[in-house]
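Enquirer: Two chains, two separate frames, one set of hints: put the complex together.
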Amino acid sequence: MSVIGNTTLSFSEEQAMLLDVAREFCRNKSPIASVRAQLETDSGYDAVLWDEMVALGWAGISLPESCGGSAMGVATVVPVVEAMGRAMLGTPLVSTTLAAQLLLRAGGESQAEAVLSEIAGGAAATVALLENPDWGDSRIGCTVGADGVLKGGKCFVADATAARLFVVVVEQAGAPALAIVKAEQLAAGAIAPNTLIDQTKRSASVDFTGVPVAQDMLLTGAAVVTALRDLRLLGALLTAAEATGSAASCLDTIVDYLKTRKQFGKLIGSYQALKHPTVDILTAVDSGRSFVYHGASLVTDAPLERDAEIACRMAKAHATETLLYAGDRAVQFHGGMGFTYECDAQLYIRRAQWSQQQYGDAQHHRKRLAALLLD
Amino acid sequence: MSISEQELNDFRGQVSAWMKDNQPADPGFLLPQTFMEVGDERQLEFLREWQHKVWSAGYLGMAWPKEYGGGGVERVFQAIADQEMRRHAVPICFNVIGLGWAGPLIIDIGTREEKARYLKGILSAEDIWCQGFSEPDHGSDLGNAQTRAVRDGDEYVLNGQKIWTTMGNFAKYMILLARTNPDAARKYDGLSYFLAPMDVPGIETRPIRKITGEYGFTETFFTDARIPADCLMGEEGQGWKIAMQTLQYERGAEAGAAGGLMMVRVTIDDMIEEIRDMQRDGEPVLQDPVVRDQLVKMIMEEKAIALGDKRAHVAPLTSDYPGSLPLSHKLRSTEMTRRMRQFAINLQGAAGALYVGDAAARQGGFWQRAYFNSFSATIGGGTSQVQTNIVAEHILGLPK
Numbered sequence: 001m002s003v004i005g006n007t008t009l010s011f012s013e014e015q016a017m018l019l020d021v022a023r024e025f026c027r028n029k030s031p032i033a034s035v036r037a038q039l040e041t042d043s044g045y046d047a048v049l050w051d052e053m054v055a056l057g058w059a060g061i062s063l064p065e066s067c068g069g070s071a072m073g074v075a076t077v078v079p080v081v082e083a084m085g086r087a088m089l090g091t092p093l094v095s096t097t098l099a100a101q102l103l104l105r106a107g108g109e110s111q112a113e114a115v116l117s118e119i120a121g122g123a124a125a126t127v128a129l130l131e132n133p134d135w136g137d138s139r140i141g142c143t144v145g146a147d148g149v150l151k152g153g154k155c156f157v158a159d160a161t162a163a164r165l166f167v168v169v170v171e172q173a174g175a176p177a178l179a180i181v182k183a184e185q186l187a188a189g190a191i192a193p194n195t196l197i198d199q200t201k202r203s204a205s206v207d208f209t210g211v212p213v214a215q216d217m218l219l220t221g222a223a224v225v226t227a228l229r230d231l232r233l234l235g236a237l238l239t240a241a242e243a244t245g246s247a248a249s250c251l252d253t254i255v256d257y258l259k260t261r262k263q264f265g266k267l268i269g270s271y272q273a274l275k276h277p278t279v280d281i282l283t284a285v286d287s288g289r290s291f292v293y294h295g296a297s298l299v300t301d302a303p304l305e306r307d308a309e310i311a312c313r314m315a316k317a318h319a320t321e322t323l324l325y326a327g328d329r330a331v332q333f334h335g336g337m338g339f340t341y342e343c344d345a346q347l348y349i350r351r352a353q354w355s356q357q358q359y360g361d362a363q364h365h366r367k368r369l370a371a372l373l374l375d
Numbered sequence: 001m002s003i004s005e006q007e008l009n010d011f012r013g014q015v016s017a018w019m020k021d022n023q024p025a026d027p028g029f030l031l032p033q034t035f036m037e038v039g040d041e042r043q044l045e046f047l048r049e050w051q052h053k054v055w056s057a058g059y060l061g062m063a064w065p066k067e068y069g070g071g072g073v074e075r076v077f078q079a080i081a082d083q084e085m086r087r088h089a090v091p092i093c094f095n096v097i098g099l100g101w102a103g104p105l106i107i108d109i110g111t112r113e114e115k116a117r118y119l120k121g122i123l124s125a126e127d128i129w130c131q132g133f134s135e136p137d138h139g140s141d142l143g144n145a146q147t148r149a150v151r152d153g154d155e156y157v158l159n160g161q162k163i164w165t166t167m168g169n170f171a172k173y174m175i176l177l178a179r180t181n182p183d184a185a186r187k188y189d190g191l192s193y194f195l196a197p198m199d200v201p202g203i204e205t206r207p208i209r210k211i212t213g214e215y216g217f218t219e220t221f222f223t224d225a226r227i228p229a230d231c232l233m234g235e236e237g238q239g240w241k242i243a244m245q246t247l248q249y250e251r252g253a254e255a256g257a258a259g260g261l262m263m264v265r266v267t268i269d270d271m272i273e274e275i276r277d278m279q280r281d282g283e284p285v286l287q288d289p290v291v292r293d294q295l296v297k298m299i300m301e302e303k304a305i306a307l308g309d310k311r312a313h314v315a316p317l318t319s320d321y322p323g324s325l326p327l328s329h330k331l332r333s334t335e336m337t338r339r340m341r342q343f344a345i346n347l348q349g350a351a352g353a354l355y356v357g358d359a360a361a362r363q364g365g366f367w368q369r370a371y372f373n374s375f376s377a378t379i380g381g382g383t384s385q386v387q388t389n390i391v392a393e394h395i396l397g398l399p400k
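Those protein sequence lines, which keep their order, are chains A and B. Each residue of the first sequence is one higher than the last, beginning at 1 in my numbering. Each residue of the second sequence is one higher than the last, beginning at 1 in my numbering.
Just chain B, same shape as in the assembly (with noise of 0.2 Å):
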């Protein structure tokens, strides 16, 4: 199937009319920048309504099965939409664990009842997603989740906690990892993978108030907690499998994915805007020697991402080590992020000490919260060290 360039040029100034036109007014809070960021009611409700309407306009799970609340048109359009969204940067879709991960899930290995069930509700954001994978004990060793599912007739018995669960107090489903097998000879064979539901007796949450001092997410206690047995994804012992399939999706593999602007995107670009009117020695900081030797750095490391994003599609200057470029892109990106948002708050001289809330703060302390939030992209989805482990590991075949 060809389509036009027309075709996709018309369509991207319909949906960037649409954006300009529907764009909402400053709230009057403070919107989360990620997913990870939800603190309150009145920053859900606002993200749900917008959401909302841009699955209503057609903006969003463009490329998912139109039976199932999709548009069934080809990815290239939701592509294009994403691309508005972020160049008139309006608020996040937030369901991102709907939309970027459970959902293309289920669309790839979930069965007709469970596509019917869950995806429209992902795409309107009347079903907010979660997902319930590390444990107090076991953050990035995932593998040793210890979540107890015990199958009682035509339940599941689910007793155990669960950490880090991304607006938890608002889910109404979690993606689930739970241990149906404790003596499988091998941990992993002992785990299986649920939607479960959120809103049956025995679940609690509990919000973790995080270092930016907002709140995002929660503490998730099981206690006899009874879900349906047809909650279960597949079959008892295939959790491990379905699981790393689920974290491809969040490692970005962004195939399946419904699109939406999933994050507020800070560049190099932007911390250099930011920076042009701040002074170092009395001179603007952007002439300093020592300062622009940081920068060019800086740009030289987020162009080396862009640059390795291409050559990751040339086969013949791949053949080293294959498959190093996107193994180590979340570690090479996050911490890149990391870096940059330090540095940003370092060039504001005795302004870098202030925080959110004070009147002096630049940008009301974006940088600040930023830099803290960036950690959640340093150490969620697998820590640095242990992305840096996988790559020594999978890519150079050193020994674990």
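If we strip away everything but chain A, and leave its shape as in the complex, we get (with noise of 0.2 Å):
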């Protein structure tokens, strides 16, 4: 068998129409001037804009129709995250629709009902996953006692502060479990947000000491074991797609300034020094998209397979480092003005930065494809 392996790369119908839809909906609701009128806001995105998205059912794309979703699948989910890192449109799409993910996959469409239509209605989630810097340390510091009460903190938990739910990655009686709570059982000041390099993030650690988490929302069994590899590789994979969006629309932006810029008489993008990395983005963009179309042809509802696995790390494992390189010399190249805040190359290189820390940075992802694919 070969090293390739799985080629598979399919488009449905509806992909193409969300596509399209979101691409639309993001160009003009989200040029950079509205982009970066949130840098600084506390929630990060625009509240009435997240209502249009959820109007439009992009919450619950994943969800089942029991819950008040499409049941069109994480896949679909895919496009719609290009196009919103296309515009740099920070809302918690991406957060909400991994939490969403982990409940379902952890047999939670019964037992978390409620709170998966609540989220398919527009009520933002998280994943409180972290407990340190490190993505490759699975291990669970934070417990659910045999009272019912948590014990202990979540770091790097993105979207925190616009959460209203929380899915808390916990363990008890020695084994992985969810918990699930609502933003309103946090004590005062729970929540610490960070100060990100990509301002058009947001993320916090959150203590969730003392919390009571009933019975009935609390998730456990083999299947969260399943789920949580699996949110791991859909929070690759989204990750991916947003990143690829981004490099995509940082490419856009040098190749306008290198057709317009003119230095010793000349436009700068006559220059081959600019040109040819030019170049080199664009090929990484093109095969960032075809990774990220690639998983998205062979994730399903079901647990992941090993072909699924490898091409979200792959897709993961190119798309931040493209996101890199692009971002990095859009700075460059657009030289004395790049170094400037106002220049539009800073929020490339700076999502870029955070891109490449969410769910695994390049070496994560190649170090367990080589497990995967050499051994």
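By construction, these hints were calculated from the structure, which means they are not laboratory data. C-beta atoms are modelled at their ideal positions from N, C-alpha and C, and glycine is treated no differently. Not one of these hints is a red herring.
Calculated lysine to aspartate or glutamate pairs in the EDC-like style (CA-CA distance at most 20 Å, straight line):
id : chain 1 : residue 1 : chain 2 : residue 2
1  : A       : Lys367    : B       : Asp293
2  : B       : Lys310    : A       : Asp307
3  : A       : Lys262    : A       : Asp344
4  : B       : Lys400    : A       : Asp256
5  : A       : Lys367    : B       : Glu283
6  : A       : Lys259    : A       : Asp280
7  : A       : Lys259    : B       : Glu393
8  : B       : Lys297    : A       : Asp361
9  : A       : Lys29     : A       : Asp51
10 : A       : Lys182    : A       : Asp147
11 : A       : Lys367    : B       : Asp288
12 : B       : Lys187    : B       : Glu235
13 : A       : Lys367    : B       : Asp269
14 : A       : Lys259    : B       : Asp320
15 : A       : Lys262    : B       : Glu393
16 : B       : Lys172    : B       : Glu45
Label-pair distances were calculated between CB atoms; the ranges are:
id : chain 1 : residue 1 : chain 2 : residue 2 : range
17 : B       : Pro399    : A       : Asp51     : 37 to 47 Å
18 : A       : Leu372    : B       : Asp10     : 34 to 44 Å
19 : B       : Gln363    : A       : Lys262    : 51 to 61 Å
20 : B       : Pro289    : A       : Ala146    : 40 to 50 Å
21 : B       : Val386    : A       : Gln263    : 17 to 27 Å
22 : B       : Pro322    : A       : Met17     : 17 to 27 Å
23 : B       : Pro322    : A       : Gln263    : 25 to 35 Å
24 : B       : Asp141    : A       : Thr195    : 48 to 58 Å
25 : B       : Gln363    : A       : Lys266    : 41 to 51 Å
26 : B       : Pro289    : A       : Glu52     : 45 to 55 Å
27 : A       : Glu40     : B       : His138    : 50 to 60 Å
28 : B       : Glu393    : A       : Glu40     : 37 to 47 Å
29 : B       : Pro399    : A       : Tyr341    : 25 to 35 Å
30 : A       : Asp20     : B       : Gln6      : 38 to 48 Å
Expert: And the structure:
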């Protein structure tokens, strides 16, 4: 068998339609001026816009119809997220989708139906997973005691201030479990926002100590373990989709500048020292998009199989390194202007650093790919 | 016309059996991996006999018109035959400039006379074809070709020099780009295209010794060489247009090609197999974390190319920069190949410094030779640097 393996790439009518609608929506509703207007707000996004996205059904794309979703699968969220990445549109859609996926995959369709319905209805949700900066550390220190009370905190919780619901990864009786916590259950001051390198994103440390978890708000069993593995892979895929969108618009920003800026009497785009790396970015974005939609072709509602795992990891390993390169070159190619806060290149170089550190960086995934492909 | 799955499967079985039965024995000398490595008469005759045999069996030119030596069947059959040839690792069908470029061109735009005169000999390997595009001073800058063709009665008189003529010393015909009008306002409009015989007085070839130490190309000199006027393809001044069409075939449009295994493909799987027993720091090299990381990167690069070939056919996913995937394909795949082969040598430890001819060289120096030969693809058909300019200008719209 070849190490190249599965090369499925399919794209449904629904995905194509959503990609179209999402691109149009993001282009109209999220011009760069609107993105910049949110950089220093507390929430980091426009609540009116979020309501419009919810009204379009985006919060429930991957949710079952019984919960008010459209049951199109997480693969159909991919084009929407790519479009949002392209427009640098910061909303809790990715966090919310991942939280919903985690619950669904852990067998929460019946147990957490009410919670999932809230999510489809626009209640932002997020997963509280990490307890330190190491994505490769899957030990869980946060616990639910016999008294049903949470003990411990989580860090780097995406969109924590926006979230109405937290899916907290905890340890209970020696096994991983998921505790569903509502924002109003948190103690005052439990959320300590981070100052992030990417100002279009939000995250925080959240202290869950003392929060009581009702029995029906606790998901346990073997499905939780599989669901957590799949969460990490889907998180990688959606981050890759978003980063690929951002890299594509970063490329557009570079190309626009290279076509208009003159130095030494010539358009700078005519210099091969700038032209060739720009083509490198194009081919890298091209590969990134191929990996992302290959991944989208293989992820289903069932536990992810080996080929899907490979696809998600490759997408992430490739896409965020591409954005790192594109953002880095965007700053450099804009010359003195690129060194300013005013230049949009800063948005991309900052997004790149953030994306690389979500759901494991490129080396994290290549290390696991090596085990999958070479051993 | 619909062909049943059953019919295709039967055909595959039939080709497979034939390849198995007719796979030639190791001739005891190095066989070319590509058509650019045919260096001596022994190799030539071996490959000529093999191609003739494949064609006689009906597995070459299957989709070409029957009246000109082809099989007259649907292209899918040739695709299956090609896959089986690759799978059985049989020798290449080496008359590539005829099979892949000149032949499809003649089928697409040639006259009835040209088809009758040339196509069958291409398939049977009786007539070897070469290409006269590049010149010593104008490698990638094809539009500047200076070799002159002057009409004199019912002949053209050729003067000038071509270079990198693959199999120039063995070829009977050349697809030739020459300047018929040096005064044309645009340099491109002064070019014409010829299907030129090589066996006329005034055409001389001189073999070029390649970086590998082998032969395969020639320099070709034209000194008052006279060719019949009916060798002109199309009309005077159409040379550039026809050359560009030829390059489309050369750069990977396979639609009209006669088929046949055109090169021995070296994949990432071959490389991983090759290094499996190598050691680094006393451990298997495949356990070395740095090597593993680099290998995964290469696997991903090769996979991205395969996925890109598929995505290129999904219109909604190519709307950003339409055409970027096919136009950058040669650039991406040839550069990837070059790096992979270099890496394979790097992993050999001290043995990486051995070369073809040393008994201890791994696989007879296969990777060293393959790495050197990979430059024929990153340079030939437009260097990677020129390809990059083309993508920048045509896809991204950057200024010249």
